[in-house]
Amino acid sequence: MNKNRIIKLIPVFTVLAGFIVGGIIIAATGSNPFTAFWNLIQGCGLAPKASYAGKKGMITDLLSFIDLWTPMILASLSVAVAMRVGLFNIGVSGQMLFSGFIATVVVGYSGLDAFIAKPLVIVVGIVAGAFAGGIIGFLKFKFNINEVVSSIMLNYTFSYVISFFINTFLVDPVSRQSKAVSAASRLTLKDVELGAYKMDIPLGIVIAVIAVIVIWIFFNKTVSGMELKAVGLSNSAARYAGMSVNGNIMKAMMIAGALAGLAGVTYYLGYFGSIQPRVLPATGFDSIAVALLGNNQPIGIVFASFLITVLSKGSTYMNSASGVQAEIANVITGIILLFCACNAFIKWYIANRDTTTKKGFKRKSKKADKDGGAIAEADDKKGEV
Amino acid sequence: MNSIIIDGLVFALPLFIMAMGGIFSERSGVTNLALEGLQGFGAFTGAFAAVMIGTVSPDMSPTAIMLLALVFAVVGGVLFSLIHALLCIKLNADMVISGVVINILSMAFTEFLTKLINAGIFNMPSNKFVLTVTDKITVPGISKIPILGAVFTNLYIFEIIIAVIAVVAWFLLYKTKYGMHLRASGDNPHALDAAGINVAKTRLFAVMISGAFSGFAGMCFAYSISSSFSSTIYVGYGYIAIAALIFGNWNILPTFGACLIFGFARSGGYKLVQALEMPSSYQDLVMILPYVLTLVLLIFFSKRNRAPRALGVIYDKGAR
Chain G
60 MNKNRIIKLI
70 PVFTVLAGFI
80 VGGIIIAATG
90 SNPFTAFWNL
100 IQGCGLAPKA
110 SYAGKKGMIT
120 DLLSFIDLWT
130 PMILASLSVA
140 VAMRVGLFNI
150 GVSGQMLFSG
160 FIATVVVGYS
170 GLDAFIAKPL
180 VIVVGIVAGA
190 FAGGIIGFLK
200 FKFNINEVVS
210 SIMLNYTFSY
220 VISFFINTFL
230 VDPVSRQSKA
240 VSAASRLTLK
250 DVELGAYKMD
260 IPLGIVIAVI
270 AVIVIWIFFN
280 KTVSGMELKA
290 VGLSNSAARY
300 AGMSVNGNIM
310 KAMMIAGALA
320 GLAGVTYYLG
330 YFGSIQPRVL
340 PATGFDSIAV
350 ALLGNNQPIG
360 IVFASFLITV
370 LSKGSTYMNS
380 ASGVQAEIAN
390 VITGIILLFC
400 ACNAFIKWYI
410 ANRDTTTKKG
420 FKRKSKKADK
430 DGGAIAEADD
440 KKGEV
Chain S
121 MNSIIIDGLV
131 FALPLFIMAM
141 GGIFSERSGV
151 TNLALEGLQG
161 FGAFTGAFAA
171 VMIGTVSPDM
181 SPTAIMLLAL
191 VFAVVGGVLF
201 SLIHALLCIK
211 LNADMVISGV
221 VINILSMAFT
231 EFLTKLINAG
241 IFNMPSNKFV
251 LTVTDKITVP
261 GISKIPILGA
271 VFTNLYIFEI
281 IIAVIAVVAW
291 FLLYKTKYGM
301 HLRASGDNPH
311 ALDAAGINVA
321 KTRLFAVMIS
331 GAFSGFAGMC
341 FAYSISSSFS
351 STIYVGYGYI
361 AIAALIFGNW
371 NILPTFGACL
381 IFGFARSGGY
391 KLVQALEMPS
401 SYQDLVMILP
411 YVLTLVLLIF
421 FSKRNRAPRA
431 LGVIYDKGAR
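For the record, the sequence lines run as chains G and S. As numbered in the working numbering, residues 60 to 444 make up the first sequence, in order. As numbered in the working numbering, residues 121 to 440 make up the second sequence, in order.
Warning: the hint list may mix true and false statements.
Derived CB-CB ranges, DEER-like [said to hold, decoys possible]:
#1 S:Leu-199 <-> G:Ile-83: 51 to 59 Å
#2 G:Ser-234 <-> S:Pro-178: 34 to 42 Å
#3 S:Ile-237 <-> G:Val-251: 40 to 48 Å
#4 G:Met-117 <-> S:Met-398: 47 to 55 Å
#5 S:Ser-246 <-> G:Pro-232: 25 to 33 Å
#6 G:Val-338 <-> S:Met-398: 54 to 62 Å
#7 G:Pro-232 <-> S:Asn-371: 37 to 45 Å
#8 G:Met-117 <-> S:Lys-256: 53 to 61 Å
#9 G:Val-338 <-> S:Pro-178: 19 to 27 Å
#10 G:Ser-234 <-> S:Lys-437: 54 to 62 Å
Partial pick of chain S residues on the chain G-facing surface, computed with a CB cut under 7 Å [stated by the list, open to error]:
#11 Leu-207
#12 Phe-232
#13 Asn-238
#14 Asn-318
#15 Ala-320
#16 Lys-321
#17 Asn-369
#18 Leu-413
#19 Val-416
#20 Leu-417
#21 Leu-418
Rather than coming from a laboratory, the hints here were simulated on the basis of the structure. All values derive from a computational prediction rather than experimental measurement. All C-beta atoms, glycine included, are put in the ideal place defined by N, C-alpha and C.
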């Protein structure tokens, strides 16, 4: 097989490796890994379960799965956009929480009509998210603060401050979460009866599909998208070519924030309908896995997010059906991530396997490799915080 | 006032040792965002060892168990740090990505294993290891001095160990041959290589030190903050340690100062909530103090600071 084709298949091997290791762990704990993985698929409504509760069916599970898949796609796009300029947006969780909270307070508790409330939720999500993402971009170019550190700090700050507001003003004494938002403002139509089944209709998936298309066009067909890439690959080269590095960092982080904001509203005002204090959404962290796995490309992200959502959504049913701990899903995600981190090495190894044999030459030849972007990226990281 | 100093030190010292580990790693040229995951995994192995030892020999004193737990935490931290070393030194992975991946992996693994072990070995469905409360030491005499005496009151044993390690680490980094090699490896690895020193080995050892120190710190946090190990150990202390070392300009003494500020800000905030008799939900507002302070300090100090020149750059023999 030719080398380029093998390189394209790396994500598939990465995923397989993750599942094999996960499967071995499941087998070691005394369960059947194949049953467990089948349960994952069943739990997401992609295969029929043995039995269903009243008025529930495969379609119910499937729509619920799509409802959770939506924020995952959006959050991962957010990571990908930031990665485009070489920034690691680990603050997706915080941006999701922030925009979800703002939208909840501004629209969720207002008595607005559905036709005004739903679009307004989306707009508020975008604006709040862009603001939260913009802070990180601003801190980066103005004060040269490492975006990973600043976004983690913001994550916890958002988490605690919002927890304070929820616990002090908005708490529902029964659920210990924020009071549920109005049905009119929710991006998921709850308990719709169609035929024999009751289901939740996820409206957010439309936004996610549009976002995927828009970002694909933005990355591949616009000057602006190429500029982001240029800045990401080499700050200095982009600057000499007359591009504004600061402007592009700011732009990327605001777009990333806006996408995270959309993820936040589809998560908190779509899938859940309330906010749990002191908890950062796991979607925000899983999205890093998705973006790495999807190679930061919109199409790749669609597939990768599908897979990671199957893991996280299906694990609950897997736990109840075959007793395998739900946390194994995170372990598999983590292992996939670990292999992803080695991607640069694997790519380089495959590309150079035949051409050089002596150790001394191997390293040098990497420079000439077309995947040399990693090196340029590392060069730019030099000297920052 | 005394309690602010006592609680502040209990938080600041583990943070300091972790930041020190970070300094070793970053001065050698390996960006280490994995501190968070390393401290978590260290705390996990240490707490597991403590619970196991407690079950096997129930007569052992809590202090002895704690010391053993700290040893195991160090071992766990070192083992987990080898992954980071492998990825960053051998496999040429992006160091930032590697660090974040290790944090996620550590969180997933420890959460999974804790539940598994509790269900499998101890037969109870719990997601944490409960640790025994240990005695604290008050140095007689000195502790009577007003204000300053508080430093010597109600000490955990690990605080004394950290003080000793800190001195040794300072000496190692600034006064020994190895320390010089390490710093050279972060500033000019090619020169080090030309002098006949193995850059990869130097960096490997530095990353292992950061693993050891982080594991130790994680165990201290597990004892002092909740007397248990659970996934709540991952609340960003690793990242605060990184902020502290950036603020300290990658030098040990200023970093110590930064850690003290974080520690006292935190304990002072808690005291304030108590003193003003505010409802418990206001504690959430205090909790943000270390994080906000980190950001504010970084804003003032990031520009002025100078990172090791080869930080985050994969060592490439052929590069000019």
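Hint-by-hint comparison with the structure:
Between Leu-199 of chain S and Ile-83 of chain G the CB atoms are about 19 Å apart, so this pair departs from the stated range of 51 to 59 Å. One distance hint, 34 to 42 Å for the beta-carbon pair Ser-234 of chain G and Pro-178 of chain S, holds here, with the actual separation near 41 Å. For Ile-237 of chain S and Val-251 of chain G, the Cβ-Cβ distance of about 44 Å falls inside the hinted range of 40 to 48 Å, so the restraint holds. For Met-117 of chain G and Met-398 of chain S, the Cβ-Cβ distance of about 51 Å falls inside the hinted range of 47 to 55 Å, so the restraint holds.
For Ser-246 of chain S and Pro-232 of chain G, the Cβ-Cβ distance of about 27 Å falls inside the hinted range of 25 to 33 Å, so the restraint holds. Between Val-338 of chain G and Met-398 of chain S the Cβ separation comes to about 23 Å, which falls outside the hinted range of 54 to 62 Å. A hinted range of 37 to 45 Å is violated for the C-beta pair Pro-232 of chain G and Asn-371 of chain S, which are about 51 Å apart. Distance hint check for Met-117 of chain G and Lys-256 of chain S: the Cβ-Cβ separation is about 59 Å, which falls inside the suggested range of 53 to 61 Å.
Between Val-338 of chain G and Pro-178 of chain S the C-beta distance comes to about 36 Å, which lies outside the given range of 19 to 27 Å. Between Ser-234 of chain G and Lys-437 of chain S, the C-beta spacing of about 59 Å keeps the proposed range 54 to 62 Å intact. Hint status for Leu-207 of chain S relative to chain G: holds, with the closest Cβ pair at about 6 Å, below 7 Å. Satisfaction of the interface hint for Phe-232 of chain S is found here, the shortest Cβ-Cβ separation to chain G being roughly 4 Å, below the 7 Å cut-off.
Nearest Cβ of chain G to the Cβ of Asn-238 of chain S: about 11 Å, over the 7 Å cut. The hint is violated. The restraint placing Asn-318 of chain S at the interface with chain G is violated, with a minimum CB-CB distance near 14 Å, outside the 7 Å limit. The interface hint given for Ala-320 of chain S is violated, since its Cβ lies 12 Å from the closest Cβ of chain G, which is over the 7 Å cut-off. Because the closest C-beta pair between Lys-321 of chain S and chain G is about 16 Å apart, greater than 7 Å, the hint is violated.
Given hint, Asn-369 of chain S at the interface with chain G, is violated; its Cβ is 11 Å from that chain's nearest Cβ, farther than 7 Å. Contact between Leu-413 of chain S and chain G, as hinted, is not supported at the beta carbon level, the nearest pair being about 9 Å apart and thus beyond 7 Å. Interface hint status for Val-416 of chain S: violated, as the beta-carbon distance to the closest one in chain G is roughly 10 Å, over 7 Å. The beta carbon of Leu-417 of chain S comes no nearer than 10 Å to any beta carbon in chain G, farther than 7 Å, and the hint placing it at the interface is violated.
Taking 7 Å as the C-beta contact cut-off toward chain G, the hint placing Leu-418 of chain S at the interface holds, the least distance being around 5 Å.
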